[in-house]
Amino acid sequence: MKIEPSTPNIKRDDLERFIQLFEPSKYKRLRNGIEVRGQPELELNVAMAKALVLNQGLRLTIISDANMATYRAFEVREIH
1 MKIEPSTPNI KRDDLERFIQ LFEPSKYKRL RNGIEVRGQP ELELNVAMAK
51 ALVLNQGLRL TIISDANMAT YRAFEVREIH
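If you read the sequence shown in this note's numbering, its first letter stands for residue 1, the second for the next number, and so on.
For the record, the hints were derived by calculation from the structure and aren't laboratory data. Quick caveat, the model's predicted, so the values are computed rather than measured. In this text, a Cβ means the ideal position worked out from N, Cα and C, and glycines have one as well. Hints should not be assumed to be uniformly reliable.
Stated by the list, open to error - Computed spacing ranges between beta-carbons, pair by pair:
no. : residue 1 : residue 2 : range
1   : Leu30     : Lys50     : 14 to 20 Å
2   : Arg29     : Ala69     : 19 to 25 Å
3   : Thr70     : Asp13     : 28 to 34 Å
Assemble the whole structure, with the sequences as input and the hints as a guide.
As structure tokens, then:
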């Protein structure tokens, strides 16, 4: 039997939900989110991640810059 904590961590739940729904093949845990790596179609996957966050009402933001694009990655961070 799984025992749930009395005060759920909303941020962690949103991040876990994103991971379950987006199903990234490779990702690295960061202090306040994850880095999704090795995305073959980076622009499409960033757009899909943003749509998922918006449609599910997750308290997350998607960050992509030129440095991360060199290794086909983007970050998913918790909104504080």
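For each hint, the structure was consulted:
1. A beta carbon spacing of about 18 Å between Leu30 and Lys50 agrees with the range 14 to 20 Å that was offered as a hint.
2. Evaluation of the 19 to 25 Å hint for Arg29 and Ala69 yields a pass: the beta carbon distance comes to about 21 Å.
3. Between Thr70 and Asp13 the C-beta distance comes to about 32 Å, which sits within the given range of 28 to 34 Å.
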